[in-house]
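As given, the protein sequences belong to chains U and G, one line each in that order. Count the first sequence with this note's numbering and you get residues 3 to 428, in order. Count the second sequence with this note's numbering and you get residues 3 to 428, in order.
Keep in mind that the hints were calculated from the coordinates and are not lab data. There could be a bad hint or two in this list.
As the list claims (entries may be wrong) - Under the rule of at most 25 Å between Cα atoms (straight-line distance), these lysine to any residue pairs were calculated in the SDA-like manner: (1) G/283 with U/155; (2) G/93 with G/247; (3) U/316 with G/60; (4) G/125 with U/316.
Keep in mind it's a predicted model, so treat the numbers as computed, not measured.
There are 2 protein chains.
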Amino acid sequence: MSITEMSAAELTALRDDAKKQYEDFKAQGLKLDMSRGKPCTAQLDMCSDILDILNSSSSFKDSDGTDVRNYGFLTGISEAKKLFADLLGVKPSMVIVGGNSSLTLMYDSVARAMQFGVYGSEKPWNKYDKIKFLCPVPGYDRHFGITETFGVEMINVPMSPTGPDMDMVEKLVSSDETIKGIWCVPMYSNPDGYTYSDETVKRFAALKPAAKDFRIFWDNAYCVHHLTDTPDSLLNIFDEAEKCGNINMIYEFASTSKITFPGAGVSVLVASENNVAQISKLLGMQNISYDKVNQLRHVRYFGDADGVRAHMEKHKAILAPKFKLVTETLARELGDDWGVTWNKPNGGYFVSVNTMSGCAKEVVRLCKEGGVVLTGAGATFPYKADPEDKNIRLSPSYPTLEELEKAMELFCISVKLATAEKLLAK
Amino acid sequence: MSITEMSAAELTALRDDAKKQYEDFKAQGLKLDMSRGKPCTAQLDMCSDILDILNSSSSFKDSDGTDVRNYGFLTGISEAKKLFADLLGVKPSMVIVGGNSSLTLMYDSVARAMQFGVYGSEKPWNKYDKIKFLCPVPGYDRHFGITETFGVEMINVPMSPTGPDMDMVEKLVSSDETIKGIWCVPMYSNPDGYTYSDETVKRFAALKPAAKDFRIFWDNAYCVHHLTDTPDSLLNIFDEAEKCGNINMIYEFASTSKITFPGAGVSVLVASENNVAQISKLLGMQNISYDKVNQLRHVRYFGDADGVRAHMEKHKAILAPKFKLVTETLARELGDDWGVTWNKPNGGYFVSVNTMSGCAKEVVRLCKEGGVVLTGAGATFPYKADPEDKNIRLSPSYPTLEELEKAMELFCISVKLATAEKLLAK
Numbered sequence: 003m004s005i006t007e008m009s010a011a012e013l014t015a016l017r018d019d020a021k022k023q024y025e026d027f028k029a030q031g032l033k034l035d036m037s038r039g040k041p042c043t044a045q046l047d048m049c050s051d052i053l054d055i056l057n058s059s060s061s062f063k064d065s066d067g068t069d070v071r072n073y074g075f076l077t078g079i080s081e082a083k084k085l086f087a088d089l090l091g092v093k094p095s096m097v098i099v100g101g102n103s104s105l106t107l108m109y110d111s112v113a114r115a116m117q118f119g120v121y122g123s124e125k126p127w128n129k130y131d132k133i134k135f136l137c138p139v140p141g142y143d144r145h146f147g148i149t150e151t152f153g154v155e156m157i158n159v160p161m162s163p164t165g166p167d168m169d170m171v172e173k174l175v176s177s178d179e180t181i182k183g184i185w186c187v188p189m190y191s192n193p194d195g196y197t198y199s200d201e202t203v204k205r206f207a208a209l210k211p212a213a214k215d216f217r218i219f220w221d222n223a224y225c226v227h228h229l230t231d232t233p234d235s236l237l238n239i240f241d242e243a244e245k246c247g248n249i250n251m252i253y254e255f256a257s258t259s260k261i262t263f264p265g266a267g268v269s270v271l272v273a274s275e276n277n278v279a280q281i282s283k284l285l286g287m288q289n290i291s292y293d294k295v296n297q298l299r300h301v302r303y304f305g306d307a308d309g310v311r312a313h314m315e316k317h318k319a320i321l322a323p324k325f326k327l328v329t330e331t332l333a334r335e336l337g338d339d340w341g342v343t344w345n346k347p348n349g350g351y352f353v354s355v356n357t358m359s360g361c362a363k364e365v366v367r368l369c370k371e372g373g374v375v376l377t378g379a380g381a382t383f384p385y386k387a388d389p390e391d392k393n394i395r396l397s398p399s400y401p402t403l404e405e406l407e408k409a410m411e412l413f414c415i416s417v418k419l420a421t422a423e424k425l426l427a428k
Numbered sequence: 003m004s005i006t007e008m009s010a011a012e013l014t015a016l017r018d019d020a021k022k023q024y025e026d027f028k029a030q031g032l033k034l035d036m037s038r039g040k041p042c043t044a045q046l047d048m049c050s051d052i053l054d055i056l057n058s059s060s061s062f063k064d065s066d067g068t069d070v071r072n073y074g075f076l077t078g079i080s081e082a083k084k085l086f087a088d089l090l091g092v093k094p095s096m097v098i099v100g101g102n103s104s105l106t107l108m109y110d111s112v113a114r115a116m117q118f119g120v121y122g123s124e125k126p127w128n129k130y131d132k133i134k135f136l137c138p139v140p141g142y143d144r145h146f147g148i149t150e151t152f153g154v155e156m157i158n159v160p161m162s163p164t165g166p167d168m169d170m171v172e173k174l175v176s177s178d179e180t181i182k183g184i185w186c187v188p189m190y191s192n193p194d195g196y197t198y199s200d201e202t203v204k205r206f207a208a209l210k211p212a213a214k215d216f217r218i219f220w221d222n223a224y225c226v227h228h229l230t231d232t233p234d235s236l237l238n239i240f241d242e243a244e245k246c247g248n249i250n251m252i253y254e255f256a257s258t259s260k261i262t263f264p265g266a267g268v269s270v271l272v273a274s275e276n277n278v279a280q281i282s283k284l285l286g287m288q289n290i291s292y293d294k295v296n297q298l299r300h301v302r303y304f305g306d307a308d309g310v311r312a313h314m315e316k317h318k319a320i321l322a323p324k325f326k327l328v329t330e331t332l333a334r335e336l337g338d339d340w341g342v343t344w345n346k347p348n349g350g351y352f353v354s355v356n357t358m359s360g361c362a363k364e365v366v367r368l369c370k371e372g373g374v375v376l377t378g379a380g381a382t383f384p385y386k387a388d389p390e391d392k393n394i395r396l397s398p399s400y401p402t403l404e405e406l407e408k409a410m411e412l413f414c415i416s417v418k419l420a421t422a423e424k425l426l427a428k
């Protein structure tokens with residue numbers, strides 16, 4: 003029976019039962035952190051032979067004959083550009099290979115735009131009284147953190163299984179010259195795990211922004227991060243944008259943070275040649291080169307784009323059972339009865355759970371007191387403000403299966419307790 | 003005899019002789035790049051065993067038990083902070099360990115100040131109609147490039163063997179609230195190779211800026227880069243500033259770019275704890291962590307600060323003969339007769355040559371046509387404008403001794419030819 007159809011007495015019984023389970027659980031003194039999408043130790047160990055690739059007897063010349071240990075080659079070594087170009091279906095001339103963080107490439111892209119403008123800007127974004135970004139919600143808290151830091155006004159756009167509400171995106175973008183960008187995680191979106199449909203990608207590529215310097219921040223963080231044998235596929239937005247004369251409208255980002263090491267991978271920014279030229283000029287003031295030794299290490303480790311894809315099968319073998327455990331536990335413990343919904347993603351790093359309205363904060367609080375730290379409720383929304391207080395991002399990657407089983411037990415108990423309390427308080 | 007005392011006939015003879023030597027040299031078809039302070043292959047090879055330090059069988063836990071391969075620890079791992087703190091004579095809590103580029107730390111520091119202000123700012127630097135930086139000249143072109151990019155007005159301050167003209171610095175800084183910073187390379191300055199005297203450091207530490215948010219950008223790039231057994235020493239500016247209540251006034255920068263690898267080293271920003279707190283908050287929006295694997299690799303390679311100092315002896319063994327060749331060739335070929343002066347540095351990466359006024363551009367042009375690319379004339383001044391057109395930065399590190407001998411031969415011929423032509427044209 004659905005919890006909403008229950009009598010007060012039935013609800014009270016359920017609440018008391020959940021309360022007892024919760025107190026019993028708390029007594030176990032668990033300490034677990036599920037707040038971020040961190041790879042687990044097994045995933046790191048599985049990649050650590052990448053550090054054997056370059057040693058003192060290696061050749062340090064790249065395919066152009068450049069010694070990667072020395073200064074220079076600001077936008078990356080040729081074979082790293084080629085590897086990422088092949089992986090993302092773009093031309094090597096569109097690739098800037100960065101350091102260990104695509105977040106840095108994104109922040110820096112916003113920072114440059116604020117201070118100097120982007121290719122085609124009439125003036126720096128700082129010179130407007132106010133600029134705005136569209137933010138599909140729920141979304142990635144670090145994206146929202148960047149725009150909030152720069153004082154950019156953020157406008158929520160609802161997500162659906164096919165991507166953001168494109169009617170709303172088209173309407174806003176075409177009518178307001180101060181809307182300068184949109185944050186997108188187009189494949190296995192953070193946190194929902196949705197992949198934008200072909201139609202959504204085509205509508206993005208065909209946008210007619212009022213702002214000549216509008217940019218789609220296309221954070222393709224999970225482009226090869228599949229969890230099933232029937233993965234999603236994402237249309238190549240650059241191919242579509244080229245057809246619409248919109249090739250300059252897109253900044254794409256990716257990294258090997260969840261392919262090799264989160265702290266010591268390689269990131270990429272992909273953009274039109276005009277964008278790359280404008281960015282490189284400013285980048286040359288900030289840097290002489292990113293870490294080309296690490297770029298060469300990565301290229302020699304993978305060989306080519308197929309090498310990356312093959313390597314991702316090993317991540318899948320570790321991660322898929324964890325995601326299965328999460329979604330199966332949710333189905334078994336909560337099912338249809340507790341007003342809770344979630345997606346079963348084919349890839350990415352998260353399971354996004356929507357509780358009954360007004361329960362998310364309390365569930366996260368209960369979990370924390372019970373010994374499991376989740377991503378803060380609200381974090382998946384700009385300004386950390388979830389208008390319905392219902393979205394919770396679960397990150398199953400880091401704990402072991404045994405830890406995850408305990409954590410999910412606590413999570414489901416907490417949902418039951420918070421939901422019953424909420425209904426009883428009405 | 004000094005060239006300025008010669009008759010036109012004597013000058014013409016010298017000019018013709020130099021011209022012939024120049025044409026003979028040009029016919030050899032040399033191709034050499036001495037434009038940047040790049041370590042040579044022998045220096046890189048000598049350090050490459052650093053890549054053997056971490057491999058798939060290593061422990062990846064730092065001294066705090068953190069797995070350096072994963073996310074987190076924004077300001078660096080504890081043992082890397084300690085290593086640099088010991089090396090620079092500061093507290094570990096004052097150290098942010100960065101990525102592969104101290105230039106990036108400097109650019110980012112200016113960028114943050116422009117957009118958000120620094121600790122103690124009343125408003126972001128962008129909110130002034132115009133802000134200014136003092137620029138000791140000759141200086142480092144990439145410093146000037148950063149401030150030029152951000153539209154900061156740059157004011158030349160003359161350098162001397164004891165450091166910048168401190169009367170001028172004190173007068174300007176104390177009287178103009180829009181002077182927000184000064185670029186300093188206090189040890190083995192780029193390009194002169196001067197080390198600031200104790201008095202200069204004390205006067206810097208005791209500055210009373212009109213701007214509450216004035217910052218000294220103390221680029222200690224060559225802090226352990228000695229070329230002789232009687233190296234210079236530099237007073238610790240933080241110790242002095244603390245005595246004057248000025249601890250927040252300094253941002254110090256350093257890196258291992260010229261200790262291990264220029265492209266794959268580790269950089270540091272050192273500042274007061276108030277500054278570190280203000281910077282870290284914004285840095286946390288830009289990055290999750292720098293490359294901690296590379297930080298651990300460096301710490302395990304060197305062990306401690308003495309390990310770094312011992313390692314620098316090996317660089318000295320490679321570099322000192324090159325600097326000796328440069329200064330000896332200048333003395334032998336040009337001596338006192340050609341109106342040319344230079345410093346014989348005890349460390350660093352450059353020999354700064356001052357020709358007779360109005361000759362530097364022509365010397366650099368002649369060298370380039372003869373097959374040797376030097377740093378562009380004027381590059382050592384803001385806006386690339388050397389008011390006397392006389393300073394040339396020589397970078398002896400990259401060529402082999404044999405190449406350097408040829409390059410210096412061409413350089414001296416070019417100086418003679420340009421100087422004689424200049425005098426004859428009067």
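Comparing the hints with the structure gives:
no., hint, verdict
1, G/283 with U/155, "holds (20 Å)"
2, G/93 with G/247, "holds (17 Å)"
3, U/316 with G/60, "holds (21 Å)"
4, G/125 with U/316, "violated (51 Å)"
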